[in-house]
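Using the working numbering, the first residue of the sequence shown is number 49, and each one after it goes up by one.
Some hints here could point you the wrong way.
Derived pair list, reagent style SDA-like, types lysine to any residue, alpha-carbon separation capped at 20 Å [what the hints assert, rightly or not]:
#1 Lys200 with Arg173
#2 Lys120 with Pro96
#3 Lys262 with Gly244
#4 Lys212 with Gly244
#5 Lys192 with Ala274
#6 Lys315 with Ile275
#7 Lys262 with Ala163
#8 Lys192 with Lys212
#9 Lys192 with Val170
#10 Lys212 with Ser239
#11 Lys306 with Pro316
#12 Lys142 with Ala163
#13 Lys112 with Gly124
Simulated DEER-style distance windows between Cβ atoms [said to hold, decoys possible]:
#14 Ala163 with Lys192: 39 to 49 Å
#15 Arg222 with Arg173: 18 to 28 Å
#16 Asp267 with Thr128: 27 to 37 Å
Think of the hints as simulated: they come from the structure by calculation, not from any bench.
C-beta atoms are modelled at their ideal positions from N, C-alpha and C, and glycine is treated no differently.
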Amino acid sequence: MALPFTGRRAAAAALTAALIVPLTACGNDGSPEAGGSGKATGPAGTTPARLTVLAAASLTDVFKAAGAAYEKANPGTRITFSFAGSQELVAQVKQGAPADALVTADTRSMDSVRADTGTPAVIARNRLVIATVEGNPHRIDELKDLGDPMLKVVLAAPEVPAGKYSRKILDAQRITVRPVSQEPSVRAVLSKVELGEADAGLVYRTDADSAPGKVDAVDIPDAQNAIARYPAATLKQSRNAGAAAAFVAWLSSPGAQKILRDAGFQKP
49 MALPFTGRRA AAAALTAALI VPLTACGNDG SPEAGGSGKA TGPAGTTPAR LTVLAAASLT
109 DVFKAAGAAY EKANPGTRIT FSFAGSQELV AQVKQGAPAD ALVTADTRSM DSVRADTGTP
169 AVIARNRLVI ATVEGNPHRI DELKDLGDPM LKVVLAAPEV PAGKYSRKIL DAQRITVRPV
229 SQEPSVRAVL SKVELGEADA GLVYRTDADS APGKVDAVDI PDAQNAIARY PAATLKQSRN
289 AGAAAAFVAW LSSPGAQKIL RDAGFQKP
């Protein structure tokens with residue numbers, strides 16, 4: 049039986065609370081070296097606020113750093129992130145979860161909630177790599193090696209942006225892969241490889257870079273790869289519209305872009 053609207057909002061709020069990751073201060077001084085400009089660029093006169101930002105799982109590490117820099121440059125503003133697969137974030141938005149901004153790992157996910165957002169802007173790009181167990185014991189050198197039926201390969205689920213990109217490039221090369229599991233986020237794929245529960249998986253370059261000494265990354269040629277685009281937008285249901293707009297605008301600023309580039313993300 050369908051929940052009444054108030055019931056849907058309560059369920060969405062509970063789901064968001066379970067997924068939210070509080071932002072902790074990282075000692076960022078807002079200097080150019082730390083990725084900040086000393087000032088965040090946003091609408092003049094924006095008042096301090098508490099913001100909740102729904103963000104794709106592959107942004108986990110970099111957004112914690114970016115959020116700390118933004119808070120340092122905007123005293124009184126506090127940002128809480130909820131990281132999950134883009135498909136989960138979209139579900140939260142559709143259920144009316146209380147949040148102020150949304151950043152997904154593909155434009156299709158963002159387009160699916162167009163009625164609920166402001167105009168999105170792409171803030172970064174990413175590419176896929178093959179993540180292998182440290183040392184690459186199975187000598188995986190290229191995409192077609194993932195078709196070996198003896199390999200335990202893990203992929204993101206088809207509804208996850210990383211899963212869509214993975215299927216796209218595998219299908220384009222006519223490579224048949226039967227994954228041992230299909231995960232709800234790209235970070236879950238990375239975890240499976242880190243733990244040795246899979247021999248290899250397709251993840252973003254930035255995810256592989258976040259696990260030095262735990263996984264090896266095998267590059268995929270541009271001609272065989274896919275480009276992931278990350279759009280950011282305010283949510284119309286935000287109770288802090290001005291502050292949310294300021295943060296989203298800041299993500300395209302030189303200071304925020306430096307933080308993203310330092311983390312391995314490519315220019316929009």
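Right, here's what the structure says about each hint:
Taken as a hint, the lysine 200 and arginine 173 pair is broken in the structure, with Cα atoms around 28 Å apart against an allowance of 20 Å. Of the pairs offered as hints, the one joining lysine 120 and proline 96 holds, with about 12 Å between alpha carbons and a cut-off of 20 Å not exceeded. Note on lysine 262 and glycine 244: the hinted pairing holds, with a Cα-Cα distance of about 10 Å set against a maximum of 20 Å. Of the pairs offered as hints, the one joining lysine 212 and glycine 244 is violated, with about 24 Å between alpha carbons and a cut-off of 20 Å exceeded.
For the given pair, lysine 192 sits about 15 Å from alanine 274 by alpha-carbon distance, which is consistent with the 20 Å threshold. As the CA atoms of lysine 315 and isoleucine 275 are separated by approximately 11 Å, the hinted pair is consistent with the 20 Å bound. Restraint check for lysine 262 and alanine 163: the C-alpha separation of about 41 Å exceeds 20 Å, so the hint is violated. Distance check on the hinted pair: lysine 192 and lysine 212 sit about 18 Å apart at the alpha-carbon level, within 20 Å; holds.
In summary, the hint linking lysine 192 to valine 170 is not supported, as the alpha carbons are separated by about 31 Å, beyond the 20 Å threshold. For the given pair, lysine 212 sits about 19 Å from serine 239 by alpha-carbon distance, which is consistent with the 20 Å threshold. Among the hinted pairs, lysine 306 with proline 316 is consistent with the structure: their alpha-carbon atoms are about 12 Å apart, no more than 20 Å. Restraint check: the Cα-Cα separation between lysine 142 and alanine 163 comes to about 10 Å, which is no more than 20 Å; the hinted pair holds.
Note on lysine 112 and glycine 124: the hinted pairing holds, with a Cα-Cα distance of about 17 Å set against a maximum of 20 Å. Taking the beta carbon of each, alanine 163 and lysine 192 are about 42 Å apart, inside 39 to 49 Å as hinted. At about 26 Å, the beta-carbon gap between arginine 222 and arginine 173 stays in the expected band of 18 to 28 Å. Taking 27 to 37 Å as the suggested C-beta distance range, the pair aspartate 267 and threonine 128 conforms, at roughly 35 Å.
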